[in-house]
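J.: Top to bottom, those sequences are chains A and B.
Under numbering that gives the first Met the number 0, the letters of the first sequence match residues 0 to 340, in that order.
Under numbering that gives the first Met the number 0, the letters of the second sequence match residues 0 to 340, in that order.
Hint data in this document are derived by calculation from the structure and do not stem from the laboratory.
Be a bit skeptical, because a hint or two may be false.
It does not matter which identical chain is meant; a pair holds if it fits inside one copy or across any two.
Taking lysine-lysine and the PhoX-like style, the derived pairs with C-alpha atoms no more than 20 Å apart in a straight line are [claimed, not checked]:
| no. | residue 1 | residue 2 |
| --- | --- | --- |
| 1 | Lys54 | Lys194 |
| 2 | Lys302 | Lys337 |
| 3 | Lys337 | Lys222 |
| 4 | Lys70 | Lys190 |
| 5 | Lys222 | Lys302 |
| 6 | Lys14 | Lys3 |
| 7 | Lys3 | Lys337 |
| 8 | Lys14 | Lys302 |
| 9 | Lys222 | Lys3 |
Source: prediction; values computed, not measured.
There are 2 protein chains.
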Amino acid sequence: MNTKRCGAQTVALSKPPSVAGFACIGGKLESEGPLKDEFDELSTDSFFGEKTWEKAESVMQRRAFECALSKAGMRPESLDYLLAGDLLNQCIGTSFCVRDFAVPFYGLYGACSTMGESLSLAAMLIDGGFARTAAAMTSSHFCTAERQYRMPVPYGNQRTPTAQWTATAAGCCILSQDGDGPYVTHVTCGKVIDKGITDANNMGAAMAPAAYDTLRAFFEDTKTAPSDYDLVLTGDLGYLGHQILVEQLLRDGIDLRQNGGDCGLLLYDREKQDMHAGGSGCGCAAAVLNGYLLRGMRAGKWKRIVLAPTGALLSPTSSMQGESIPSVCHAVCISTEKGGM
Amino acid sequence: MNTKRCGAQTVALSKPPSVAGFACIGGKLESEGPLKDEFDELSTDSFFGEKTWEKAESVMQRRAFECALSKAGMRPESLDYLLAGDLLNQCIGTSFCVRDFAVPFYGLYGACSTMGESLSLAAMLIDGGFARTAAAMTSSHFCTAERQYRMPVPYGNQRTPTAQWTATAAGCCILSQDGDGPYVTHVTCGKVIDKGITDANNMGAAMAPAAYDTLRAFFEDTKTAPSDYDLVLTGDLGYLGHQILVEQLLRDGIDLRQNGGDCGLLLYDREKQDMHAGGSGCGCAAAVLNGYLLRGMRAGKWKRIVLAPTGALLSPTSSMQGESIPSVCHAVCISTEKGGM
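Sequences are here, hints too, so could you generate the full structure?
T.: Here you go:
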């Protein structure tokens with residue numbers, strides 16, 4: 000029993016599922032960033048041909064899903080599970096995509112940790128013998144997120160220095176029980192951490208303690224250090240949150256300074272694009288994983304990485320009621336080799 | 000491989016997890032309904048001592064969680080996973096409860112299907128060897144749901160005959176790899192179905208096709224009929240939705256007329272309380288399962304039941320943009336015996 004538990008909070012998959020296909024879609028600003036060549040499709044139309052931004056977000060998910068399926072050589076009907084969610088109220092970016100496909104679906108809400116959460120659950124459903132294949136997917140859209148969480152976009156309000164830029168992007172990763180990798184070898188499910196930050200324009204500081212908690216558990220459970228990996232990336236902590244995380248982990252002797260990073264710092268060019276504290280949104284980690292990272296691993300650039308996207312579990316209502324920001328972080332280890340550590 | 004698949008869409012758990020503890024909490028109208036004696040706690044204060052209804056909903060979840068843990072003789076730290084979600088934007092009913100406990104947490108969004116979804120994933124995580132124990136939880140609150148989805152409560156708008164009443168209730172079920180049952184023996188993950196219903200005051204009609212799709216798959220995959228169970232209950236289809244489901248399944252020769260029902264028809268008294276088309280909300284199925292049903296199974300009243308809660312995956316934004324209502328239904332089979340069918 001529980002031979003798959005590895006330490007207090009981590010699971011070591013006994014038959015690590017393989018990445019069968021992956022894809023990412025981005026918008027205009029993503030097409031001007033340093034990772035522009037890593038996308039499967041980029042659109043300069045923020046409506047993606049639709050009448051509303053919410054429908055545009057669904058279209059991004061649909062295209063990412065169809066592209067990942069196509070690259071995996073699969074049809075939707077052959078998929079055992081789809082696990083997905085997004086930032087919108089009631090996750091409508093996801094549900095209005097998924098209704099077009101007859102796929103068994105578990106809806107998730109992990110805010111910007113959703114790529115980590117969906118990949119974790121997809122990997123465990125396959126490793127547990129419940130599925131041969133499962134897809135993990137998420138998206139975000141700058142315009143849907145802005146008007147839902149902050150201000151109507153046409154209002155043109157000023158952004159604070161700690162503010163991040165919600166990526167207009169979607170990413171989908173399809174896992175299979177068979178394949179040549181990369182493989183999901185370990186998953187660490189995070190706890191909800193709330194250190195009392197109340198500034199909804201400083202998500203990095205609110206989420207860093209969750210990343211600290213989950214990464215500390217991951218390294219302790221697997222008896223490894225950041226130097227055992229080619230990359231250790233969070234999802235969208237941004238400049239400030241990343242600094243806090245590096246400092247917090249360093250106090251425990253865990254040194255992220257060599258190979259630690261954040262997807263929100265990779266997606267845009269700090270000098271030319273000025274996204275303030277960096278990129279954010281579910282789509283940020285999803286696009287970086289399902290483009291830059293998995294392409295790089297397939298090309299032999301990296302052998303073993305940790306991806307630990309964080310999510311801020313607030314709503315405008317909770318902020319207006321004076322609440323602080325609970326956060327969560329889910330980590331996955333992806334390796335070109337099936338073997339343990 | 001995949002020895003746990005049972006037909007196209009269903010999983011037969013190889014070592015069915017046992018219910019270790021369960022609890023449900025309700026509000027004033029629930030305390031006046033026919034199931035009032037099945038609750039662990041009932042409050043006539045819709046604020047549950049808090050200043051806002053959203054915070055009240057979190058308190059309901061906390062009390063349900065603590066009560067279920069206590070009845071299972073467990074402490075939160077000993078729990079391997081908590082899977083939960085609710086109807087509120089960004090699921091804040093759940094996140095503001097969970098932050099008080101150091102438990103690995105996967106957030107879900109399945110609207111009113113969340114009790115089925117959380118129980119399904121908790122059962123698979125245990126059966127797959129990833130956990131010894133896992134909790135499944137959800138809630139809803141009439142006042143938070145009304146002002147988010149429809150009208151401010153003090154406005155006192157008229158309700159249409161097809162409208163349902165969102166239950167003010169929370170339920171939590173803790174599963175364990177060991178125990179004396181009842182056991183979760185089968186789970187069927189639903190597909191997102193959208194038959195074009197656009198009336199947000201007629202959720203029963205919107206969700207019935209999803210219940211039909213999942214229950215048809217469940218009976219086909221398990222090669223059983225409704226008569227093989229003591230009860231086959233949906234979550235909150237209400238009077239109209241339940242009638243549609245019964246008619247649809249009957250065309251396929253699946254007869255729910257003897258032992259089919261709906262939690263939304265059990266929670267309130269139709270004559271005395273007049274909830275129009277019946278009860279609804281995540282908390283409806285959660286309270287009926289974690290009170291009436293599991294108590295009844297422990298008392299020997301029923302041996303084998305199917306619970307299939309449905310969720311309507313709409314948001315006020317999608318309704319205002321003229322969209323129809325996608326729905327999903329997740330079924331679980333719960334039995335006092337571990338054995339197969």
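J.: Within a copy, between copies, both or neither: where do Lys3 and Lys337 come within 20 Å Cα-Cα?
T.: For Lys3 and Lys337, the Cα distance is within 20 Å only inside one copy (15 Å; across copies 23 Å).
J.: Quick one: Lys54 to Lys194, C-alpha cut-off 20 Å, is that within a copy, between copies, both, or neither?
T.: Answer is between; shortest inter-copy Cα gap is 18 Å, intra-copy 35 Å.
J.: When Cα atoms must be at most 20 Å apart, do Lys70 and Lys190 count as within-copy, between-copy, both, or neither?
T.: Neither: 34 Å inside a copy, 23 Å across copies.
J.: Since the copies are identical, ignore which copy is meant and state whether Lys222 and Lys302 lie within 20 Å (CA to CA) inside a copy, between copies, both or neither.
T.: within (18 Å within a copy, 46 Å between copies)
J.: Checking an output row: Lys14 and Lys3, CA cutoff 20 Å. Within, between, both or neither?
T.: both (10 Å within a copy, 16 Å between copies)
J.: Tell me, please, which holds for Lys337 and Lys222 at an alpha-carbon limit of 20 Å: within, between, both or neither?
T.: within (17 Å within a copy, 38 Å between copies)
J.: What label fits Lys222 with Lys3 when the C-alpha limit is 20 Å: within, between, both, or neither?
T.: Answer is within: at 15 Å inside a copy they meet the 20 Å cutoff, but 32 Å across does not.
J.: Could you figure out if Lys14 and Lys302 sit no more than 20 Å apart (CA to CA) within one copy, between two copies, both or neither?
T.: Answer is within; shortest intra-copy Cα gap is 18 Å, inter-copy 36 Å.
J.: Are the CA atoms of Lys302 and Lys337 at most 20 Å apart within a copy, between copies, both, or neither?
T.: Result: close within a single copy only, 11 Å intra versus 43 Å inter.
Comparing the model with each earlier hint shows a violation of hint 4 alone; every other hint is respected.
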